[in-house]
Structure formats: structure tokens, C-alpha cells
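> Sequence:
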Amino acid sequence: MRVLLLALLLLVQVFAISTLVLKYTITADGAVEFSAKMRALLVNNSPYEVNMSGAVLPPYSAVIVEKDVKDVYPPFLKLDVNIEYVNGTYSEGVLQASNRTVVVIWLKMEPLLPIEIPAIVSVAVDDKVALLYDDPPTSVSQVSGTTVYYWSVLVRNTTVFKLALRVRQFGSFGAVKMPAITVTSALDLNNTINTIERQIESLRAAEAQLSNFSKAATLFTDLVYGQAQNLTQLIQILNVSGIALRQGAVALNASTYALEALRRQLLALGDAASGVATTLNQSLLLVDYQYTALITAANLLEVQSSALSSYSRAASDAAKGLGDIRNQLYNTRGNLVELRRALDSSIENIKEAKKRLSGISINISAAQDALKSALAVLDSAEAQLRSLRASVDALISTVDSLISITDSTIKTINSAKRSLDELAPLLNQTAVSTRGNATRLREDMPKILLNASRNLVEVSQSLYQTGDEVAKLLSPVHNASRILHEMGIRLEESAKSLEEYRLEQLKALPRLGAVRSLIDNYTQLVQRQIRELELQQETLRRYYGLVNVSRLEAQYVVELPVAVENITIPPPRLVTLEKASGNSLSMPTVPLLSLAVGVVAAVLFLSRAARRRAS
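Throughout the sequence shown, residue numbering follows this note's numbering, covering -2 to 612 in sequence.
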């Protein structure tokens, strides 16, 4: 067991990282040389010496091992090179140049996989060559008198990178080697596939949030529409209740005129009874006249009794009308209670919608603004509904007061009716008594006249008292009529305000539709991105199946030709050497011959070296 544990620990501390290196060497003639190597980074973090892949690793060390592979691997980055020579001539691997010669290089990079591929362009130059560029380098380093420039490039679709090299000076042999341009790109397929997988999961989470937000917007739209429908019914109820209250006010106002007429009739009857009593008192000495007067009084009393019966029926009709008004008030109160229940239900619906909207978590700024706008609309709607509920509570209290006033008025009218019902029989009895006493006029006339006078005075006082009670009813009935009229107007005004609010709610429906449209557009965008990422992931997996390795590195080396200075050799100047025989021999001067021979030798050497490299 201990040996197994040590083996596992050793396995953890010793590992290898393999990378497939694809190298493409591109010459100035356009020839491409391909080679592939498997590079392995062997790491030993253990305190023991380990033999891995034929390499002996000392403790705590790392070794890079490269092995040529013969298989053909498809590239993941394409590079096209275009070279232009300004003030110079290229031929057979040699560039005839001067200090004004510029070599312009265009690097056209294109990813062969549907992803963005990072690449590094590097050039190492010395003081004999000047590097010209449009984009500043990402970094610059100095290595053994050579300046190395680096550019980091993210290759999307097709990326063109431009560089230029100018010859500053030539070497001692009149030539200079132009630096090579290296494009390096590394790709970790497993890491890239996992990154894309995380992006897909993030987008799917965003899609789920957008779906929840879309459901919330739909719920809010349905809530606004349902609220508009409830408000329509509520407006109709308020309008009908307002009309009913104003009609009740008209009926109460008519009852006021009827009560005023009854009061005047009662006062007139009281005056008549009082006048009859006075007449009886003055007619004690005129028996015959008194007899006739008694018969007339009896007839008058019967007529007044009949009038009181009519007034009693009128009071009964008035009480019945007030009872109908009270029923209308109860109906109005029931409608207002139902209205308050509907408002409470709407307020609870709005609270539930706010709770659901507040529970939605969204990272999209446009969707967050739309959500905040929806919450603001709900807050405004809740405030207006609470204000309307307070108004409905006030209306219910007012209607309760009117119901109490109507009940009191009905009780008073019923009391007056009972008084009239009691007075009518009394008048009839008085008439009968008067008629009976008329026959006994001569026997007991003074007594009869006095009794009749007293009865008439009592009847007169009762009539005056009943008229005062009827007068007390006029002001409450008039106030009740005014209150009912004002309540009707207030209900109709409330209906008008609710109609305006309903129209505002209906105006919010197009905005909610725009929010839903925006959410749908975002959802389609996210879904399209998910499909693109899934396509990239599938392509990378297929490419992984072709190369059967996760880590790849592509190296493109663009080799430029040797620049040779154009030299114009002047014609040789001849000198004459005297010999003993007297003949003369012409020959070039020694320095010029040495220079010419050196230049020609250097050109031939560099030309042959370039040809061998190209072959």
C-alpha cells in the first residue's frame, strides 16, 4: 500500500505537456516548406531522478523534447505573403539594392476555424536595417545587439498586416541579410472548447432570464388589460349610481313641496276650527242660528275630516317615495361596497405583479430599464387606486348618512300620518256629535255650544302642532335632496376621472408591446449567438478529431532575400612598367583588382547560399 501511494504521488509530481508544432517556411520566391514536430515539456517536481520518454530528468527540473512527425496536419491559420521591392530588383534569391531600397511585406492572415485566433508577429533587426510600420509594436526587446519587435494581432475573418524594411548600410562585403518575419499562433483546443461551453451556458442563462422577463411582461400586459376591463364596469356602475342619486334628489325636492302644501293646509284647518269655535262662543243667544251653524260646522268638520284623510294618504305616498329612495340608497351603497371590493382586488393584483417583477434578475441594461419603467407604472396605478378607494369609503359614509336622514324623515312623516289618522276620526266624531246635539239645541244649547267650542279649540291646537311638526321636516328633506344631488355629481366626476385613468392604462399597452418586442429581439440575438458558438464548438471538436492533440502551435517564417549593394566598377587605369628589354606591359592597379575580386566572390557566395536554401 505504501509503494502504491508513493507511485501515485510520483505520478502527480511528474507530468508532460505535449504541443504539436506546425512550421511553414516561406521564401521570397513563394516556395513553402512544411515540417511538423511534437514538442513535449517534461516536468519533474519530485526529489527523485525520473526517466520519461527516453529523457532523464533530474529532481525538480524541466526538459523540452521535440520529435519529428511525418503525418500531414491541416493548418488552423492561413498566411498569404505579398512582397514588393521599391528602388530595388529581385532576381534568383538576390536583391539588388541601395540605401534607398525598401522592402514592403503584406501579411494576409485568415483563420481556417470559425473562431478568433491570436497571433504574434515578430521581427528581429540590427542597425543595418530600418523597420517601418504603421501600427506601433506591442513590445520591444533587446537581444545581443538586435532589436526584436512584437505585435499582438487578433485574427478575425481576414486581417492584413503591413511592414516595411529599408537598408541603412551594407556590410563589409557590400551585402546585408534581410531579417526574417515570424508569425506565431498557439491554440489550445480543449481550453477553447471549454471556454465556448461556458459562454454557451452563460448565454443559455441569459436566454432563461429573458424568457422569465418576457413572461413577466406578458403577465403585466394581461393585468393592465384586465384592470382596464374592470375599470370599464366600475365606470358604468358609478354613472348609473350618480344618475340614480340625482333622480332621488329630484324626488326628495318634490316631497319638500308636498310637505309645504300639507303644512299650509293644516294651518288653514287650524284657523278654520279656531274660527268655528269663536263663532260658537259668539252664537250662544241665537239658538236657531246656532242650530244652523252647528249643522254647517258638522258639514265643515266632515269636509275637513275627508281632507285630513287625503293628507294622510299624501303623507303615506311621501313615506313610500322616501322608502323607495332609501332602497335606492341601499342599492347605491351595495354598488359602492362592491366597487371597494373590486378596488381591493385590483390593488392586490398590482402588489402581486410588483412582487413578481421585483423577483426577476436581469443583467441586460435595456431590459432593466424596461423593468424599472414597468414598476413605476405599477406604483402609480396602485397610488391612484388607493386614492379612489378612499373616495369610495367617503361616498359610503355619505350614503349611510343619507340613509339615516331618510329613515328619520320617514319616521317623522309616519308620525304626522298617525296624527292625521287620529284627527280625521276625531273630526268625524265631532261632526256626528254636532249633528246629534243640534236636535238637543234648545234643551241644552249653552252646554253643547261650550263643549263644541272647546273641542274645536283642541282640534285647532292639534292642527297647529301637526303643522309645526311638518315644518320641521322641510329643512332635513331639503338638505337630503341637496346632498343626494351633490353625491350624484361626485360619482359622475369620479367616473370621468376613472375613464381618464383607463385611457392612460390603454395608452401603456403599446409601450408594453414595445418592451416585449425588444425582449424577443434580444432573445433571438442570444439564440443566434448560441447557434454560432455551437457551430464553432462542433468545428473545433472535428478539428481535434483530425489532429488528435489539444495544444497546437503554428509558426510561419517569411525569409527575405539577401540585399546586395549595386556597385559600378570604374574602368581600370593602366600604368607602364619599364623592363630591361625596353618593352612596356599594361595592367590594372593592385587595389582596384583586389576590391573587384572581393565583391564578385561575395556575390557568388551569397547567391549560391540562397539557392541552396530555396532548394
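Keep in mind that a hint or two might mislead.
Said to hold, decoys possible - The list that follows gives simulated cross-link-like pairs (lysine-lysine, DSBU-like), each with its CA atoms no further than 30 Å apart:
1. K125 with K64
2. K125 with K67
3. K351 with K493
4. K34 with K20
5. K20 with K67
6. K469 with K414
7. K414 with K317
8. K20 with K212
9. K125 with K159
10. K75 with K174
Honestly, the hints are just simulated from the structure, not real lab data.
> Now look at each hint and say whether the structure bears it out.
These are the hints, each one checked on the structure:
{"no.": "1", "hint": "K125 with K64", "in the structure": "violated (36 Å)"}
{"no.": "2", "hint": "K125 with K67", "in the structure": "violated (39 Å)"}
{"no.": "3", "hint": "K351 with K493", "in the structure": "holds (27 Å)"}
{"no.": "4", "hint": "K34 with K20", "in the structure": "holds (8 Å)"}
{"no.": "5", "hint": "K20 with K67", "in the structure": "holds (13 Å)"}
{"no.": "6", "hint": "K469 with K414", "in the structure": "holds (14 Å)"}
{"no.": "7", "hint": "K414 with K317", "in the structure": "holds (12 Å)"}
{"no.": "8", "hint": "K20 with K212", "in the structure": "violated (55 Å)"}
{"no.": "9", "hint": "K125 with K159", "in the structure": "holds (20 Å)"}
{"no.": "10", "hint": "K75 with K174", "in the structure": "holds (26 Å)"}
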